[in-house]
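Given two chains presented individually in distinct reference frames, assemble the corresponding complex, making use of the accompanying hints.
Chain order of the listed sequences is A and B. Just so we're aligned: 22 in the numbering used here is position 22 of the first sequence, and the numbers increase by one with no gaps anywhere. Just so we're aligned: 33 in the numbering used here is position 33 of the second sequence, and the numbers increase by one with no gaps anywhere.
FYI, nobody ran anything at the bench for these hints, they're computed from the structure. Predicted, not measured: the structure shown is a model, and the values here were computed from it. Heads up, some of the hints might be wrong.
[What the hints assert, rightly or not] Distance condition first, Cα-Cα at most 20 Å in a straight line; then the derived EDC-like pairs of lysine to aspartate or glutamate: (1) LYS204(B) with GLU45(A); (2) LYS283(B) with GLU271(B); (3) LYS40(B) with ASP184(A); (4) LYS43(B) with ASP184(A).
[Said to hold, decoys possible] Residues on chain B that point at chain A, a partial pick, calculated with CB under 10 Å: (5) VAL53; (6) CYS55; (7) VAL95; (8) GLU98.
Ideal Cβ placement from N, Cα and C applies to all residues, glycine included.
Residue-level listing of the chains:
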Amino acid sequence: MRTRIAHIASNTFREAVRDRVLYNLIAFALLLSGAAILVGQISIEIEKLVVINLGLTAVSLFGIVIAIFIGIGLVSKEIEKRTLYTVLSRPVRRWEFIVGKFFGLAGTLVVNTFFMAVGVFAALFYVSHKFVRADALILVALYFIVLEFLIICSLALLFSSFSSPLLSAVFAFSLFVIGNFAEDLRNFAGMAHGYSHWLATGVAYLVPNFSAFNVITSIAHEQPVAGQLIWQNTLYALFYATMALSGAVLIFEHRDLK
Amino acid sequence: MVASACLILSLAGSVFVLHRTDQLRPQATLDEVLFLSSPKVIKRASLGYDGLVACIYWTRAVQYFGYRHHSFAASYDLLAPLLEITTHLDPHLLVAYEFGTSFLAPQPPHGAGQPERAIELVEYGIQNNPDNWRLYYDLGFVYYMELRDYKKAAETFERGSHVPNAHPFLKVMAAQMAEHAGEYETARMLWSATYQTAQDAQIKENAVEHLRALRVDEDVLHLQEAVTRFGERTGRLPASVAELVAAEGLAGTPVDPDGRPYKLTPEGRVEIRVPDDFPFATKGLPPGYKPQPKFHTLQ
Chain A
1 MRTRIAHIAS NTFREAVRDR VLYNLIAFAL LLSGAAILVG QISIEIEKLV
51 VINLGLTAVS LFGIVIAIFI GIGLVSKEIE KRTLYTVLSR PVRRWEFIVG
101 KFFGLAGTLV VNTFFMAVGV FAALFYVSHK FVRADALILV ALYFIVLEFL
151 IICSLALLFS SFSSPLLSAV FAFSLFVIGN FAEDLRNFAG MAHGYSHWLA
201 TGVAYLVPNF SAFNVITSIA HEQPVAGQLI WQNTLYALFY ATMALSGAVL
251 IFEHRDLK
Chain B
1 MVASACLILS LAGSVFVLHR TDQLRPQATL DEVLFLSSPK VIKRASLGYD
51 GLVACIYWTR AVQYFGYRHH SFAASYDLLA PLLEITTHLD PHLLVAYEFG
101 TSFLAPQPPH GAGQPERAIE LVEYGIQNNP DNWRLYYDLG FVYYMELRDY
151 KKAAETFERG SHVPNAHPFL KVMAAQMAEH AGEYETARML WSATYQTAQD
201 AQIKENAVEH LRALRVDEDV LHLQEAVTRF GERTGRLPAS VAELVAAEGL
251 AGTPVDPDGR PYKLTPEGRV EIRVPDDFPF ATKGLPPGYK PQPKFHTLQ
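Pulled out of the complex, with its shape left as it was, chain B reads as follows (with noise of 0.2 Å):
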């Protein structure tokens, strides 16, 4: 009976002691520190489970963008590491590239802005799973995206055309970045290929939220030309857009994705309604607007 007690009353207090060690330390549990940081060493003292270990770093490189993210950081020094760690126990865990091309290339807040690393990363996915077409697909993603390289794209995406069982559309894609066509055209066709080979649910999902904020800079970007040519005609700028729609012969009062109609500032801006519906649009935002964090993938 005394035994029980004593074991009850010191569990708690043990609780209780480390509970308030934990507000003196805020963090302390998911301190940045890699122990190991070599993947060789790693994948040694590993033992031969390679597999569940990579389970663990991925894991790790999961919670770490997600933690880094919904905080708005700026920095990921880690997430690279993690990744490379995860990927040289696994070479074949495909995941890891895919999504990890995605936390690492795109710049904040949405990613950890290293698209250099990003690159590095697939290539060595590449490497080792050179029958994947996606990761090529991923890799002419970046250079397109994030670092607006036509040519490596376009030499991207025409070799992965070669792998055998390669969707078609990457041949497509290949004559589209060699001839620099129109970028929202591009990138609509990159995305809408996303939504229709991806299989996971968020990476869908993701890619809908891109083509809806794309179509909304289309708007905005014809809506401005639009207030500009008005201007140019009239010497003034347009009441509102049911005059804008009238003096322009356009049908009907143009509306974003969600149906709401566009609205016109009195300096004729054009401006979507509700900023937060379309985190990814960069046009037709209010001034000094910031978007908030949202998951995103290249996929």
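Bound conformation, chain A alone (with noise of 0.2 Å):
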């Protein structure tokens, strides 16, 4: 079972890299040389605030791009391109194909995190000309980048098990907008009444709360981010990752692929 899932995992990544999705790493490393000395020239004090944040704020953007847009391709190529059959002929369970899929798309997105985390880095030395101790904090908004990504990948999946590429992106973009606003909604839930309460409610906690996972712009400002929260959005991200995993397998499962 574990072969099956790797090797899927290891097609959907090397599938990803012949699509050229390493490519945005040019475009990333461009942006952020070209930040880090404008910048300096045209503001003041903010050549390190802006390394980071722009750094940062450039690592999720095109994270969650690529997440989207491979995400949602992932089923519905498969089965424009009639490789499913292929797939599915051999002993491999729906599940498996799925949970392969997820993790070939998230270890896409590692890889390109890690290049580009070590271009904001490399950036950083450029600006500051060493190292101190609490840049090792940007670490840590990397670290819930990732588990972002994770999340958006399976929501994408769970799209794309169902959906058309087209609306599988509307809906997954439509979630990462509404998940910044998932504390706006609980707000909200809170000052409803009666049945509009447990609705808003309900949503509120159904989106995912992508807010507690930014800490982009405290990291900026050296202030430390608390254990209880990396942990808690570790199990958060792994609890809805796991939860739209399972609804993209239970579409799938019941899909109707003749």
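Okay, here's the thing in structure tokens:
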């Protein structure tokens, strides 16, 4: 079982690399080096802040775009190309296919994030000429970004399992936006009464809460992140990704592929 | 081949037309418009990337101030809103408070002449960064330098002196303000403290410029008093600085911080020889002289 999942995952990774997904690293490197050089000339005293903020924001946005645009095609493309039938005609279960695809995409994003992180640290060294202890906090922000990717990947797969690529992209991106407003939704639920209170509370807990993952601004100011937040975010991401993946598996298991 | 030629030609054509359009609409790209003015809306729209958006707005505020400053503008309508948006997006962006007050508080041509907005900005900064003593210093500075409100300045320095790791001079400043000590002495103390504690080269340079201007102001004041005394004693004005020096028993010809002797006009006014070298001097300037705007920070 593990071997089959690993095979599907490595194939997904190879396919992403063949699709020149990692080319985004060039754009990232240009963006970061350009910003590191330019900002010092057009602003005051924020070179380091910009490198951290821009670097981590770019890591996050590039990754989310990749997660959505690759994730939405993972199942539908296989159906369209009819390669899915070849895979499923072998002793591969449908859930193994979904889980393998998830790990393949997550792996692609982790590799991509690793190279971008190297770029962020290089740009940081360029503007600061040294590393300080607080710079290690950037690793925490990067870890949270990867956790976000896991959630987005699982959601993209979930939508991909029953919808067209275009609609899946719209759903996944909408959930990413709504997920950033999850705390507002909860506040709204707190103010509502009756059915609307329960409905809003339900929606607020159902949509992914991305605001807790965003520590970029505080890390740019060298403010430490509570250890409790790290493990709670880890657990939340694992639970949520598992939930979305389970949904994807359930739908895919019952889907008529004939 | 044809496609390549078309690509290059059309690119050149579009750049040419755009260039001509820019000439038709000068400054259109720098139009003073804040499409979104609510900090809360911008914070929501930033989708959690508020740190980066704050840096963008801070850069915009710096650019706006620099552009208006160099074009001798009399109003800076967007400066306060830009700084407000910046600090709401990232309340810990200390540089926005420190430089922001320096942009907002001083009177034109050195700043926007909005000390009240500067006070609001720093108060917001203190609210969000209560452990940063420099913000209390900035606030006290605005009260003293721009509003001459000794009571408020003393209170602010006193509040700041209670912050953990606050610089000891805040206590001294609080006492100085409470006593309404000599203007020059107090101002010199503030600028010297700024020079010693600042890390930014621009701020240090600015403090040096103010200290030089303070020395000129004080020298001119004393020399002018000497001219008045000479006139009362002899019934005429001194013919030269040398005569004044001899009559008053001064130790040598008085010179400005650049080593140039002060000038005595036939009307009996003491003036500096090169006013442009002392952009913050308020005394010893020729009648009708307008100082060139110079980057000015409070700290």
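Tested hints:
1. In summary, the hint linking LYS204(B) to GLU45(A) is supported, as the alpha carbons are separated by about 14 Å, within the 20 Å threshold.
2. The suggested pairing of LYS283(B) with GLU271(B) holds, with an alpha-carbon distance near 8 Å, which does not exceed 20 Å.
3. Using a Cα cut-off of 20 Å, the hinted pair LYS40(B) and ASP184(A) holds, with the two alpha carbons roughly 12 Å apart.
4. For the given pair, LYS43(B) sits about 12 Å from ASP184(A) by alpha-carbon distance, which is consistent with the 20 Å threshold.
5. For VAL53(B), the suggested interface contact is upheld, since its CB lies about 9 Å from the closest CB of chain A, less than 10 Å.
6. Restraint check, CYS55(B) versus chain A: the minimum CB separation of about 5 Å is within 10 Å; hint holds.
7. The interface hint given for VAL95(B) holds, since its Cβ lies 4 Å from the closest Cβ of chain A, which is under the 10 Å cut-off.
8. Because the beta carbon of GLU98(B) sits about 8 Å from the nearest beta carbon in chain A, less than 10 Å, this interface hint is met.
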